[in-house]
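S.K.: Spelled out, the chains give:
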Amino acid sequence: MATLNFELVSPERVLFSGEVDAVVLPASEGDMTVLPGHAPLMTTLKTGFLVITTKVGNGRRVLVRGGFADINQSGLKVLAERAMPEEEITSEALDREILQAQMIYDASNDLSVKHAAEAALAQLQEAKEALSY
Amino acid sequence: MPSLKDLRNRIASVKATQKITKAMQMVAAAKLRRAQTAAEAARPYAERMAEVLGNLASGVTIGPETPRLLAGTGSDKVQLLIVCTAERGLCGAFNSSISRLARDHANRLLAEGKTVKIICVGKKGYDILRRQFAENIIDLVDLRSVRQVGFEQADMIAQKVLGLFEAGEFDVATLFYAQFKSVISQIPTAQQILPAQIEASGTTAIYDYEPAEEEILATLLPRNFTVQIFRALLENAASEQGARMSSMDSATRNAGEMIKKQTMTYNRSRQAMITKELIEIISGAEAL
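The listed protein sequences derive, respectively, from chains A and B.
Start counting the first sequence at 151; every next residue gets the next number (this note's numbering).
Start counting the second sequence at 47; every next residue gets the next number (this note's numbering).
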């Protein structure tokens, strides 16, 4: 079966690099799954979970906050503004992120910025609830 | 002829200085390793960013719709120089060579009749440039309290500069920093970062854009700007430690040589003193 060359980088480090079966992206206009042979596409990302599938039924989740994805013949590149693998997520780190999103929401008067911050906030809160299970 | 006590004091003081320079060298070596790994870890992101922008730029033709960050304001009257230097001295020619490059650039622009504005990142460059360009410096970014430069600092500087750009305060921005080649070689570099210089890649893939092309460019360009500044800061941090390490190394060596020379003079004059005393005693005895 064909595989997809996938790279996930944040400003501080490379989080993932290698061949995968599929990647679910939290694209800004709705979640999407990228499979091998996807048409060239560029999209921005919102806050949410990115799921990397290397084997069927085996996904790794990474929380990304904003960023950018580039799909072309050579594979998928994700430039995340911030990225946190699932193993590293703690409720303290999430609280910090939530606080920051809250600050962006409060500080801005721009409706679209406010909207994006609100969505990010909801996503983060959801992640936090999932964590406490 | 200095007395023996003077010589002893001098040797002791040079030894104390040598200890300090030796310690600074070792601290710089440890910090250099950290700075270097940070710079290397940040490199993939900057490279991918350049690739993605290249892909994007090859599909976009510059027109009135193009964001100004890419197309520029169509003028180059007001030039902004962002000069990144260190917060501390004692690192050889590091600060002065960056400042000299910036100064030459500023002088050339002024001679061409352009307006020059300067933002200093790091206190040392500010101290040097202040003498000549006091009225051109519009801001000083102090990173003194920051132990390890992170993305936040770069973002803070980028937001500041982008704010000025949006307000129409300048047309072209150039970034000055030292590129880290090796411990003994750091190259002062000037890089134009606004309007963005993007090499269009050769691929002619027809992309789908989500959201529209212009919107993506509008979010990606400011981010690219931040990344460029981040990279410059990291390169600078590594260069600073490298420069400090090599200059402290030569200082330690110089101190060693000085101690050797002084000890030699000290021993000579001590021996001369003893010989003189002996002669005095012997000639006194002979006179009797």
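A portion of the hints provided could be inaccurate.
Claimed, not checked - In the SDA-like style, the derived pairs of lysine to any residue whose C-alpha atoms are separated by at most 25 Å in a straight line are:
| no. | chain 1 | residue 1 | chain 2 | residue 2 |
| --- | --- | --- | --- | --- |
| 1 | A | Lys-196 | B | Glu-261 |
| 2 | A | Lys-196 | B | Pro-268 |
| 3 | A | Lys-264 | B | Arg-94 |
| 4 | B | Lys-227 | A | Arg-246 |
| 5 | A | Lys-196 | B | Met-70 |
| 6 | B | Lys-307 | B | Met-70 |
| 7 | B | Lys-206 | A | Lys-278 |
| 8 | A | Lys-196 | B | Ala-258 |
| 9 | A | Lys-278 | B | Glu-198 |
| 10 | B | Lys-206 | A | Asp-256 |
| 11 | B | Lys-160 | B | Arg-176 |
| 12 | B | Lys-206 | A | Arg-246 |
| 13 | B | Lys-160 | A | Asp-256 |
| 14 | A | Lys-196 | B | Arg-94 |
| 15 | A | Lys-196 | B | Asp-254 |
| 16 | B | Lys-322 | B | Arg-94 |
| 17 | B | Lys-206 | A | Gly-216 |
Note that these hints are calculated values from the structure, not bench results.
S.K.: Which of the stated hints cannot be reconciled with the structure, identified by number in ascending sequence?
M.R.: 3, 4, 5, 7, 13, 16
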